[in-house]
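Enquirer: Produce the complete structure using the sequences and hints provided.
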Amino acid sequence: MIDPVQLFNSLPAPLQELVRFIYSEPFIKAAIFPGALFSTVLGIFAVWFERKLFARVSLRIGPLHVGKVAGILQLIADAIKFISKERIIPDGVNKPLFVLMPALAMILSLLLYAFLPFGAGWIIYPSDIGLLLFFLVTALSPIPIVLAGYASRSKYPFIGMSRIALQLFGYEVPLFLALTGVVLSTRTLNLEKIVEAQVAVPLAVTQVLGFIVFLTTLLAETERLPFDIPTAEGEIVFGWQTEYSGVYFLMIQLAMFEKVLAFCFLGAVLYLGGWLGPPIPGVPESITAPFWTILKGLLLFTFVALLRGVYPRLTIEKVLDLGWKYLIPLAFVNLIITAGLSLLAEAGMLPL
Amino acid sequence: MPAWILLHGRGDVASYVWLWPGWSGWAVYKSWSLSEWGVSPAAFDTALWTLLLYLLLTLIAPPAFYLISVLLAPKRPSRVKKMLFESGQAPIPVREAPFPIEYFPYVIIYIAYAVFAVVAFVVVLDMLRAGESLIRGLIILAALTAGSIYASKQIPTLKQRLERGVAR
Chain A
1 MIDPVQLFNS LPAPLQELVR FIYSEPFIKA AIFPGALFST VLGIFAVWFE RKLFARVSLR
61 IGPLHVGKVA GILQLIADAI KFISKERIIP DGVNKPLFVL MPALAMILSL LLYAFLPFGA
121 GWIIYPSDIG LLLFFLVTAL SPIPIVLAGY ASRSKYPFIG MSRIALQLFG YEVPLFLALT
181 GVVLSTRTLN LEKIVEAQVA VPLAVTQVLG FIVFLTTLLA ETERLPFDIP TAEGEIVFGW
241 QTEYSGVYFL MIQLAMFEKV LAFCFLGAVL YLGGWLGPPI PGVPESITAP FWTILKGLLL
301 FTFVALLRGV YPRLTIEKVL DLGWKYLIPL AFVNLIITAG LSLLAEAGML PL
Chain B
353 MPAWILLHGR GDVASYVWLW PGWSGWAVYK SWSLSEWGVS PAAFDTALWT LLLYLLLTLI
413 APPAFYLISV LLAPKRPSRV KKMLFESGQA PIPVREAPFP IEYFPYVIIY IAYAVFAVVA
473 FVVVLDMLRA GESLIRGLII LAALTAGSIY ASKQIPTLKQ RLERGVAR
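Listed in order, the protein sequences are those of chains A and B.
Heads up: the first sequence is residues 1 to 352, going by the numbering used here.
Heads up: the second sequence is residues 353 to 520, going by the numbering used here.
One thing to keep in mind: the hints can contain errors.
As the list claims (entries may be wrong) - Listed next, the in silico DSS-like pairs over lysine-lysine satisfying Cα-Cα at most 25 Å (straight line):
hint: 1; chain 1: B; residue 1: K427; chain 2: A; residue 2: K95
hint: 2; chain 1: A; residue 1: K81; chain 2: B; residue 2: K434
hint: 3; chain 1: B; residue 1: K433; chain 2: A; residue 2: K95
To be clear, the hints were calculated from the coordinates, so they are not data collected in a lab.
Expert: Below, the structure is given as structure tokens:
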């Protein structure tokens with residue numbers, strides 16, 4: 001039997017330092033959970049889950065052969081295939097932008113996870129303005145996408161790029177207003193405190209309108225059906241991603257899926273009560289908390305993925321009209337209702 | 353601020369800075385303490401370290417992808433591969449193309465609504481701070497809501513949208 005303490009003491013000093021570093025809180029949070037390893041594995045799992053679910057909705061089987069159970073390793077095989085494909089940069093593209101923008105999109109999507117709490121203390125960067133930081137990174141994320149479409153210097157990416165610019169900038173305002181409603185009722189911008197404020201009732205119950213606005217903007221900001229007009233397959237080939245292949249395409253896909261998942265987890269934290277859930281006997285709270293957050297986030301993701309199977313694609317006019325004509329007034333009405341409720345609560349007329 | 357200052361910080365983190373080349377340890381650390389740079393050590397707590405480490409990991413992920421691709425991917429360029437995508441037609445590169453002008457009103461509306469959103473946010477922050485400004489805030493929010501509903505009624509009858517058919 002090897003004694004771990006004795007083994008550790010027998011190591012040379014630099015190796016001891018390395019072990020200490022790997023065992024330290026910053027490394028575990030940044031590299032394992034909820035950091036790099038977790039978000040990457042979850043992204044791969046989400047793509048598999050979405051393909052399997054979509055296949056079942058359309059009465060197919062989906063990934064089957066790679067991996068023993070239900071084709072679970074299919075996505076790893078796909079990633080290896082993408083990464084070992086030839087890197088093709090077409091003639092006439094803006095080469096630096098063309099190469100850099102997928103990387104920037106991936107960095108910005110992964111950065112969203114730095115501000116998401118998965119449990120009390122299970123957060124990379126706990127901040128009093130966590131919600132605002134999340135929104136700031138979200139507001140930056142259209143830039144690499146628009147520039148990627150511009151750098152392609154080709155017809156279909158150009159059409160996709162103009163569509164995504166209109167769509168993403170149009171849905172930023174209702175998203176911001178919906179988040180403002182959350183801030184108004186929970187009286188904080190700290191995401192951990194927002195969850196703690198939902199002990200009695202989750203915000204999805206008290207702010208139904210805000211939740212609807214948030215879900216719709218989630219679909220539009222992450223280009224999910226029925227809002228996937230920027231990449232509309234069968235209409236403009238593959239939109240702004242048309243010229244991308246191999247490792248660039250892999251990075252764009254990873255970025256898009258990480259963004260969807262980050263938004264789903266944000267929805268779980270803001271509206272579904274985050275890690276608040278019934279305790280599981282025999283399991284410590286530090287493990288059940290991330291479990292509930294991930295479960296709620298994946299439930300939201302299931303809803304988002306199911307829409308792909310059941311809804312047709314909207315046209316650009318309808319997408320823009322929905323955003324500007326309906327969602328923004330709805331978000332304002334939600335704000336007024338929330339403000340009125342907190343006014344009543346201030347006057348002691350509501351048991352909130 | 354040089355990168356190695358960020359790598360230093362507090363005592364618990366300074367213990368693994370030996371990885372950095374050319375480091376002689378504590379003597380250097382003490383002579384370059386953060387307070388000399390006007391940075392309080394409390395600002396460099398575990399959370400900021402975690403964020404910096406995560407940022408570093410996200411920054412090295414894309415180059416790592418490229419590196420693996422460089423090692424694995426074949427390189428057999430040809431003229432056909434380098435063509436821009438066209439569905440079946442002979443490729444005609446389009447360097448410049450007109451932006452669909454019928455959505456131009458939305459750009460102007462966006463500028464107005466960005467201000468709306470910021471005003472709403474500031475009003476909400478004000479409402480959180482002081483209880484007595486709740487009614488004032490409610491009035492401003494009501495005005496913004498009325499404005500947005502008026503705008504949503506006006507959007508379908510905008511001149512640019514009506515002339516879209518003519519422009520084509």
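Enquirer: Against the 25 Å threshold, does the CA-CA distance of K81 (chain A) and K434 (chain B) hold or violate the hint?
Expert: holds (20 Å)
Enquirer: Is the Cα-Cα distance between K433 (chain B) and K95 (chain A) 25 Å or less?
Expert: holds (15 Å)
Enquirer: Assess, step by step, whether the Cα of K427 (chain B) is no farther than 25 Å from the Cα of K95 (chain A), and give holds or violated.
Expert: holds (17 Å)
The structure shown violates none of the earlier numbered hints.
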